[in-house]
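Following the hints, position chains B and C against chain A.
Chains as they are written, first to last, in the numbering used here: chain A, 285 to 754; chain B, 639 to 990; chain C, 2 to 106.
In case anyone wonders, no lab produced these hints; they're calculated from the structure. Just so it is clear, CB atoms sit at the ideal spot from N, CA and C, and this is done for glycine as well. Please note that a few of the clues may not be correct.
[Unchecked claim] Below, in silico cross-link-like pairs of lysine-lysine (DSSO-like), each with a Cα-Cα straight-line distance of 27 Å or less: (1) C/K10 with A/K294; (2) B/K835 with A/K703; (3) A/K703 with A/K588; (4) A/K287 with A/K468; (5) C/K49 with A/K313; (6) A/K588 with B/K835.
[Unchecked claim] Interface residues of chain A toward chain C, partial, derived using beta-carbon atoms under 7 Å: (7) R316; (8) Y317; (9) K318; (10) Y319; (11) S419; (12) A424; (13) P554; (14) K703; (15) E705.
[Unchecked claim] To give a feel for the contact side, a few chain C residues facing chain B, derived at Cβ under 7 Å: (16) Q11; (17) D15; (18) A35; (19) E60; (20) G62.
This is what each chain is made of:
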Amino acid sequence: MEKVKLCCAKCGFTIEEYTADELATVPRKAKRYKYLLNKSSICPSCLASGRLKESRSTGEAVAAPAPQVGAKSSTTAPVAHEEHAAAATPMMDALAKGPWPSHTAELKKTRYPVQMYEEALQKRTTQWGYGGYVSLPGVATGVLVRASARPEITKGSNFVRIMDPCGNFFKADAMRGLCDIADKYAYGLLHLLSTGGDLEMLGIPTENLKPAVEEITKLGFDVGSTGDDYRTSEECIGPAKCDLTLYDTLGFRYAWYQRFLDDVQYPRFPHKIKCKFAGCPNDCVRGGQKADIFVCGVFRDLPKIDQAKVASWVKGGGDITLICTRCPGGSLQWDAKKGLSIDGDSCMRCMYCINKISGMRPGDDRGVAILVGGKMRGKYGPMLAKVLVPFIKAVPPDYKEVFDFIERLTEVYDEHARKKERLGDFLLRIGINEFFQLVGVEPSPLLFAQPRTNLFYHWEPSEIRDERQK
Amino acid sequence: MPGIGVPTLEASLPPIVKRNYGKWITHEHVRPGVIKHDSETGEACYTVRVGMPPNARVSTGTVRMFCDLSDEFSEGYFRITQRNSIEFVGVPPARIDELIAVLAKAGYPVGGTNRSLHNTTCCTGYLHCHLAASDPAAIMKSLSDMLIEDYKTERFPAKLKISGSGCINNCGEGSCADIGIVAIHRDLPPIHEEKLKGCELPLVISVCPTGAIKPKGPNMIEIDPKRCIHCPACSVACAAMAPIGSANGDGVAIVVGGKAANTGDGPAMAKVVVPYLPNNPPRWPEVTDVVKKIIDAWVAGARKDERVGEWINRIGWPKFYQRTGLPLSFKVMDGYDARALELAKTGVRFQW
Amino acid sequence: MATIELAGKQFDVDEDGFIQDTAQWNDDVARAFAEQEGIVELTEEHWKVIRFLRSYYLEFGVAPMIRKLCKETGFQLKYIYQLFPTGPAKGACKLAGLPKPTGCV
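If we strip away everything but chain A, and leave its shape as in the complex, we get (with noise of 0.2 Å):
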């Protein structure tokens, strides 16, 4: 298969790619490519104007050679890269120093621009440039740029965010199929993840995000997670691992990705939002804290005892005068003779004694909570999510309940927020009162720590009429 390139004269970034197929049959193809042939362009990648060089070449040369998947530790040419000059690193070496396995010998095992670093903990202050997000035709999101304040060692770096599979869990060929990528097109470095928990491929020079972004995709991942939208969503190992979860933590985000991938891959909110979903109140996720969108297992019922299972575990040694003392609700009772007793009315299902004593288990009442607002920085600094539904069921496959309220939040959102305002921040703004009214939410007892203290508040005139008692 014969295929065409029209590329910048200066610097060989292909600007359109057509096959000699297309070109014959496809008339709109066609129209464009004589159009684009005919103009002098200006290249996106190093901005020089002028007329688009052609080359001409069969399909084996021009595509590039798939990821040679599932052969061992096999190595490619890297593409265009910068070299650089081995120069004296003593502050990188003496990070290579020491038991801990070393983040700076690693990057020396890599094309990574090692005097980036190097001078940067030097002179104490980054040597890297703004940056921000870049969209290509057809992908919206998923790379960033770096730009470099220091030129002359590197020009700038782009990298991608390849969202993770659920559960974590990555395949030796697949993941031997990402290296092989990141050796092609990139420095050869991978950050294994990113705390919003994406796969980072670092070090892509602009001509080649593209290829290596069509490669991941051949893999099967997807690459996402800048801009405005819904980013990354985490979730705890679930059911795939865990004896504790309350809800499928992985079908849940596989759904998720199913119904939302659209707001996930092209921005339009005011700004990120970022979903963690964890199994139960242990929330091994932190959604409590870093999370706009918390999705957390919870329980109604009390934890289920197995009491002769608790009582061979005292008798193995378990420690039940600890667990009883450091019940958060002091709701836990241990009698030799009558077992363990749990007082319903102080309980707050928490998991402590669940997650510490062999025979207890959480109960079968089991939902999700929808909590809102956790952030690390946003406008006014941290903050705790806040808990907007206590408890609603999930129902797979398509979790059609939740889904739909985390629709109707989201467009609250997106109607009623500032640009660049964080959902915690927009709840600071408008109040508990009108957002839990725009949301839909009725008021219960179990959406607030406590009652103000403050008695100052605004009442409108309309809510003025008389009100005593027929």
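This is chains B and C only, laid out in the frame that chain A set:
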């Protein structure tokens, strides 16, 4: 091209997980770094947890080594945890020692479970970020070197999580952790006038949390230096106000007591206990010193299952400062906070 | 700072090719940028988006939020991505001579 979403569970889960999906009934910490899960099918699953270089930034050569090891020991799959450890899931119990020995030879420690130091996490810092006020990766390397024995053993009262962020944007989640290192700027953001035309000035003005940025004629702004809290929202929103920072201006704050779980005292954000320490590469001795003091006091004083924040809640802040010997300043209770006065003491229930 | 020549005039641009002085903008600039972005022909629908972005920017000094853009033009977000392959922010705003949308956090 994009638009395919995340891989299906069928494609991404290892066989032992598929066989027992949702059927686990109990788990136990066999030894540091090794967890055993029992399934109602009668199958037992052993997981081996491995520490990673700071920032989990690894060369493809190292990733391939993990791939080869997972082919050898865990049916060709490995997992990356929330705190960036590598987990080999489903290792045959007879081969656990062999795997640990192979990893040790390659320089990778096994541990980070239960009452130990969990793998440290941090943001990219100087490695790849234009906002970084410090390099948490280097700090985490220094701390991990110092605490590696606590990673491999379970001598702590409860689990200990240490995270580092390279600026107040807190991508490294310092405020989530038991002990967090959050880098701070102390300089005013610059205003590069020639670049201001390329900025959305109304946005720059509105993102400032204290209203320190004001318009000054057409296409020009000014900063009220008294009100600036160096957050640096404007530097993010506008290239003309970046880069912020300088060698002596930047440094780190130490925060303690963050926790996500609803057990004990419930979820909490970490609180600032040391407002500023200087950047001192490559090993940040001032920072490691403070962290060591906090950990030593916590280990000596905490009851079993008491995380750092819960220990402080019980003994109170006066005892915390007394036991750790950290210098105190009003800068830890004043500062930018909507509820600033609530940080001052009311009542006289003193824990002398 | 880089300079490019569009429609016979010199313009200062930033590293991503956004023009620095939005007052210099005219229809020809949009056409020249369109070519660079690989848009064959600016249709009425393209112009609808560009005109809205421009008028909103001139009034408020910021680019509108995506929801506003979709509502006012009546186009679905995905359709805007079809019109402007690099999207409303990096594509349409560039054509309309608006400043580069903001950074990464």
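Hints, verified against the model:
no.	hint	verdict
1	C/K10 with A/K294	holds (21 Å)
2	B/K835 with A/K703	holds (19 Å)
3	A/K703 with A/K588	violated (47 Å)
4	A/K287 with A/K468	holds (22 Å)
5	C/K49 with A/K313	holds (24 Å)
6	A/K588 with B/K835	violated (64 Å)
7	R316	holds (5 Å)
8	Y317	violated (10 Å)
9	K318	violated (10 Å)
10	Y319	holds (6 Å)
11	S419	holds (4 Å)
12	A424	holds (5 Å)
13	P554	holds (6 Å)
14	K703	holds (5 Å)
15	E705	violated (10 Å)
16	Q11	violated (15 Å)
17	D15	holds (6 Å)
18	A35	violated (20 Å)
19	E60	violated (11 Å)
20	G62	holds (4 Å)
Consistency with the previously given hints fails for numbers 3, 6, 8, 9, 15, 16, 18 and 19, ordered from lowest to highest.
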